[in-house]
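Residue numbers (this note's numbering), protein chains in the order written: chain U, 1 to 265; chain H, 266 to 583.
The set of hints was computed from the structure by calculation and includes no laboratory data. Be a bit skeptical, because a hint or two may be false.
What the hints assert, rightly or not - Some chain H residues near chain U, calculated using beta-carbon distances under 10 Å:
#1 P368
#2 G369
#3 T402
What the hints assert, rightly or not - Listing some non-contacts, in silico: residues in chain U with all C-beta distances to chain H over 12 Å:
#4 R34
#5 D127
#6 L185
#7 S186
#8 S229
#9 G243
#10 K257
#11 E259
Where is the CB? At the ideal position from N, CA and C, for every residue including glycine.
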Amino acid sequence: MSTLTLRQEPPERLDLLHVTPLSLKGLSEAEAARLPVGTSRRGLTLGDCFTVSLDGSDTLTIEGGSSRLDRVGASLGGGAIRVVGDVGQRLGAGMASGSVTVTGSAGPYAGSGATGGTITIEGDAGDHAGGAVYAAKAGLDGATLVIRGSAGDYLGDRMRRGTILVGAAGAHAGSRMIAGTIAALSVGDHPGYGMRRGTILAGGHGALSPSFVETGTHDLVFLRLLARSLRALSPAHADLAAGALKRYSGDLATLGKGEVWVAAG
Amino acid sequence: MADLTLNGIPVIDTFAEAFDVAGTAIIITNDTAKWAMIAAVTMTGFATSVIGCGAEAGIDCELSPEETPDGRPGVRVLLFGFEPNGLKDQLLKRVGQCILTCPGTACYAGVEGPTKIKLGGAIRYFGDGFAVAKRLTDPVTGKARRYWRIPVMDGEFLCEDFVRAVDGAVGGGNLLFLGRNHAETLKVAEIAVDAARTVSGAILPFPGGIVRSGSKVGARTKGMMASTNDAYCPTLKGRAGSELSAEVGVVLEIVIDALTSAGVAESMRAALHASTAAGAAHGLVAVTAGNYGGNLGRHHYHLKDLLSKEPASEAGAA
């Protein structure tokens with residue numbers, strides 16, 4: 001297992017886009033230490049901020065997190081990254097496969113544009129987790145994003161496919177969703193605002209948009225499949241999917257093929 | 266006329282001639298086993314011969330809730346056609362008319378294979394634009410599977426996006442039971458069917474698994490592709506070309522299709538052993554098999570290779 005150990009809080013935001021198990025595999029420790037990670041004219045390198053220990057494996061551990069570590073696991077194409085601590089924005093953005101795990105919390109736009117693999121945040125996530133960055137066509141695009149704690153506002157904004165599993169989400173969860181699935185133990189106000197397709201499953205919720213209509217309770221085969229697919233990730237979410245649910249259809253202000261399932265009673 | 270015997274019953278030293286076909290399997294589930302079976306029986310109706318029906322289909326097995334993707338009781342159905350395109354056409358028609366229409370039913374791919382056949386992705390148009398697709402992770406394989414959810418009057422019809430056709434499916438394995446009278450020969454054939462159906466991945470598409478109108482290629486009537494197998498018709502005994510001895514009063518046949526050639530061989534083997542074991546008590550005269558001289562079908566299942574309980578080597582090879 002290769003390890004990067006953060007020496008101290010970085011003096012500026014760091015871009016770890018190119019620090020992946022695959023990219024480090026062919027490098028010596030000295031070569032890896034010369035990788036540019038700074039985002040200012042200071043020209044910081046990996047070795048300036050981290051103690052580098054490489055063994056050529058597919059697993060990379062970053063010891064000592066910071067909210068200034070941006071794009072950790074971004075564009076990951078395989079292997080595993082584990083961060084012991086916090087990370088900054090765009091965790092796992094655009095990743096295609098592999099896994100990224102953060103024991104602390106993540107900044108905004110975690111999992112944006114990720115097409116495959118699994119991103120796990122043991123703590124909380126910032127706004128727009130699984131959401132689209134400015135000018136991007138889509139947010140989460142096929143990956144699985146698990147947030148054990150809470151997520152900020154606009155969770156899964158404009159997500160296209162994939163699954164987001166979250167403890168508690170803020171306002172506008174699943175806004176402008178193109179498709180995909182969000183399972184949350186609770187969501188804030190206006191879940192699914194402007195959603196075209198997709199599924200939001202919520203244990204509790206804030207105010208619903210008036211452009212959603214209740215269709216009642218349904219015993220659908222889809223819910224059985226959803227519960228079974230969520231079971232491995234979180235039994236609590238699977239139990240929610242398997243329980244009594246009430247369905248709202250919307251957002252009828254747009255395409256109207258989305259749905260919000262909330263715990264009945 | 267026989268130089269082989271099994272359980273004291275003469276077995277003609279000949280072979281069954283079978284053909285390469287396109288085959289697929291789907292899993293039908295419902296809230297109850299009863300309704301899953303109703304859907305499966307309806308879908309596999311009028312599917313005895315690929316020539317006249319467009320497909321040959323049958324029920325492979327019942328599945329417990331633990332064996333189905335959605336945790337409900339299910340039935341696995343096999344469907345065979347001449348080639349993948351014809352199979353697709355029949356699959357769409359049968360799922361569209363018999364599974365989509367059946368209350369509570371859902372439909373999944375039942376076999377892995379190299380050829381994709383679009384199913385839910387085609388039937389979704391019944392949803393008139395209200396259907397939605399969902400891609401969910403299969404908890405067993407860990408792979409994503411895509412389903413279509415089509416709004417219908419009892420909720421939703423859920424259907425997997427595509428199913429797969431296998432390579433190596435074989436249709437037309439057969440055995441002929443030469444008996445003395447109808448009732449007793451039918452019992453022998455029923456015993457053979459029960460045994461043949463114990464092999465997974467094999468079906469017997471004819472009514473109750475049994476066919477009485479075995480055919481030969483061609484006819485005296487111009488344009489007929491097939492006609493009655495006069496050599497095995499008891500009312501035509503004594504004529505030139507008849508294969509029946511004086512004591513034979515009835516001939517019944519079983520036809521077997523399977524997803525693999527080994528499946529056909531094992532199904533035939535099970536049927537051969539079960540039928541001859543019960544044969545003496547039911548007046549079975551002999552067991553034989555149907556072929557076209559070996560020139561039409563690539564797969565030849567020699568009965569002499571099926572006399573042992575276990576396969577010796579590659580049974581059913583060309």
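For each hint, the structure was consulted:
1. Restraint check, H:P368 versus chain U: the minimum CB separation of about 12 Å is more than 10 Å; hint violated.
2. The beta carbon of H:G369 is positioned within 10 Å of a beta carbon in chain U (closest approach about 8 Å), and the interface hint is therefore held.
3. The beta carbon of H:T402 is positioned within 10 Å of a beta carbon in chain U (closest approach about 5 Å), and the interface hint is therefore held.
4. Non-interface call for U:R34 relative to chain H: holds, since the shortest CB-CB distance, roughly 38 Å, exceeds 12 Å.
5. Against chain H, the non-interface label of U:D127 holds: every CB pair exceeds 12 Å, the least being about 26 Å.
6. The claim that U:L185 lies off the interface holds: its Cβ sits roughly 19 Å from the closest Cβ of chain H, which is beyond the 12 Å cut-off.
7. Distance check on U:S186: its Cβ is at least 22 Å (rounded) from any Cβ of chain H, clearing the 12 Å threshold; non-interface status holds.
8. Not every C-beta of chain H lies more than 12 Å from that of U:S229, the closest at about 4 Å, which undercuts listing it as non-interface.
9. Every beta carbon of chain H lies more than 12 Å from that of U:G243, the smallest distance being close to 15 Å; the non-interface claim holds.
10. Not every CB of chain H lies more than 12 Å from the CB of U:K257, the least distance being 5 Å, so the non-interface label is violated.
11. Listed as outside the interface, U:E259 is inconsistent with that label: its C-beta sits roughly 8 Å from the nearest C-beta of chain H, within the 12 Å cut-off.
Consistency with the previously given hints fails for numbers 1, 8, 10, 11, ordered from lowest to highest.
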